[in-house]
Amino acid sequence: MSEHRDTVGLHSFMQDRRTLFCYSGPMTEDLLTTIANPVRHQLSEKETEEVVANRVFGVFIEQAQNIIRYSHQKTKATGDSVGTIAISLDDDSFLIEAVNVVSESKRDLLEATLVDLSVKDQKELRALYRQRLKEGPPEDSVGAGLGFIEMARRVKRFEFDFQAHEFGALFVYRGWVS
Amino acid sequence: MIFEQTQRTPYVEIGSTACVIRGECYPENISEWSGPVLEALEGAMKHNNGSFEVSIELYYFNSSSAKFLFDFFEYLEETAEAGRDIVVKWLYRAEDDTMLEAGEDFQEDLETCTYELVQIENEQTS
Numbered sequence: 001m002s003e004h005r006d007t008v009g010l011h012s013f014m015q016d017r018r019t020l021f022c023y024s025g026p027m028t029e030d031l032l033t034t035i036a037n038p039v040r041h042q043l044s045e046k047e048t049e050e051v052v053a054n055r056v057f058g059v060f061i062e063q064a065q066n067i068i069r070y071s072h073q074k075t076k077a078t079g080d081s082v083g084t085i086a087i088s089l090d091d092d093s094f095l096i097e098a099v100n101v102v103s104e105s106k107r108d109l110l111e112a113t114l115v116d117l118s119v120k121d122q123k124e125l126r127a128l129y130r131q132r133l134k135e136g137p138p139e140d141s142v143g144a145g146l147g148f149i150e151m152a153r154r155v156k157r158f159e160f161d162f163q164a165h166e167f168g169a170l171f172v173y174r175g176w177v178s
Numbered sequence: 001m002i003f004e005q006t007q008r009t010p011y012v013e014i015g016s017t018a019c020v021i022r023g024e025c026y027p028e029n030i031s032e033w034s035g036p037v038l039e040a041l042e043g044a045m046k047h048n049n050g051s052f053e054v055s056i057e058l059y060y061f062n063s064s065s066a067k068f069l070f071d072f073f074e075y076l077e078e079t080a081e082a083g084r085d086i087v088v089k090w091l092y093r094a095e096d097d098t099m100l101e102a103g104e105d106f107q108e109d110l111e112t113c114t115y116e117l118v119q120i121e122n123e124q125t126s
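Residue numbers (this note's numbering), protein chains in the order written: chain E, 1 to 178; chain Y, 1 to 126.
The following block holds chain E by itself, in its conformation from the complex:
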């Protein structure tokens, strides 16, 4: 067996990092419909309180829909958005991770948005959510621009990063829920 097709290694890696669910590839709304129930099931298997499970699920849905709407990497045949999304256990929290390519032109806007959200407390986030709901989306947003605010309200903390990528910048988002 060739070294780069390390199947047992993949298994051990996912188990060791306590990943409950991971998908990497073209992401569509149809796929999200299909995986939503298994994801819910995984969360309830962990005997999580329902309110916590709902928060994890909420962040997962927003991340998945972000990939669908904003991933700059598309499949050749169908133009579907490509990305990676995962839910893992991390100490006593759930870690929800998403990775996708964004265009260089969107990178600065996204970074500024997330820096702004990261310094806001729950009360400010709640007020911003209401304001955005009333005023509608900012320019350049496909959705109502609420997704990242929604996530920031549901997580205990979040981190993000941008890395160089051939199609733009690789956007990495990590949110912890407990």
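Simulated from the structure, these hints should not be mistaken for laboratory data. Quick caveat: nothing in here was measured; it's all calculated off a predicted structure. There could be a bad hint or two in this list.
As the list claims (entries may be wrong) - List of simulated lysine-lysine pairs, BS3-like, C-alpha gap at most 27 Å: (1) K89/Y with K134/E; (2) K106/E with K46/E; (3) K123/E with K89/Y; (4) K46/Y with K89/Y.
Said to hold, decoys possible - Every beta carbon over 10 Å from chain E, so not counted as near; a handful from chain Y, in silico: (5) Q5; (6) R22; (7) L38; (8) A66; (9) K67; (10) V87; (11) E121.
Beta carbons: idealized from backbone N, C-alpha and C, even for Gly.
Dock chain Y against chain E, hints included.
Just chain Y, lined up with the frame of chain E:
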């Protein structure tokens, strides 16, 4: 009129005196789903001038659906301002702070509608 519940959309029942929404809301395309619902609501409310009760029991909705709810409440508020007696009941499960906060936030924009936050037991499964 009844819109059956699906995995990603709530059960919706709209009659001439009441409207019930119950379940989860994170449809593939919010406007495709919400368009007919808002149309049915407007149609039903035109057939009657009496009081109208709206009961909303959601367990989860995504950020795209929040915009629908905002428009939904805006329509109810405008209708109430035009003289209609409208009662809104926002049902949330005990300990579900997320849905309680959402209910409180929508309440802030409703002045003419009668609005009640109603805590319910945790029996229902979503």
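If you test the structure against every hint from before, which numbers come out violated? Failing hints, ascending: 2, 8 and 9.
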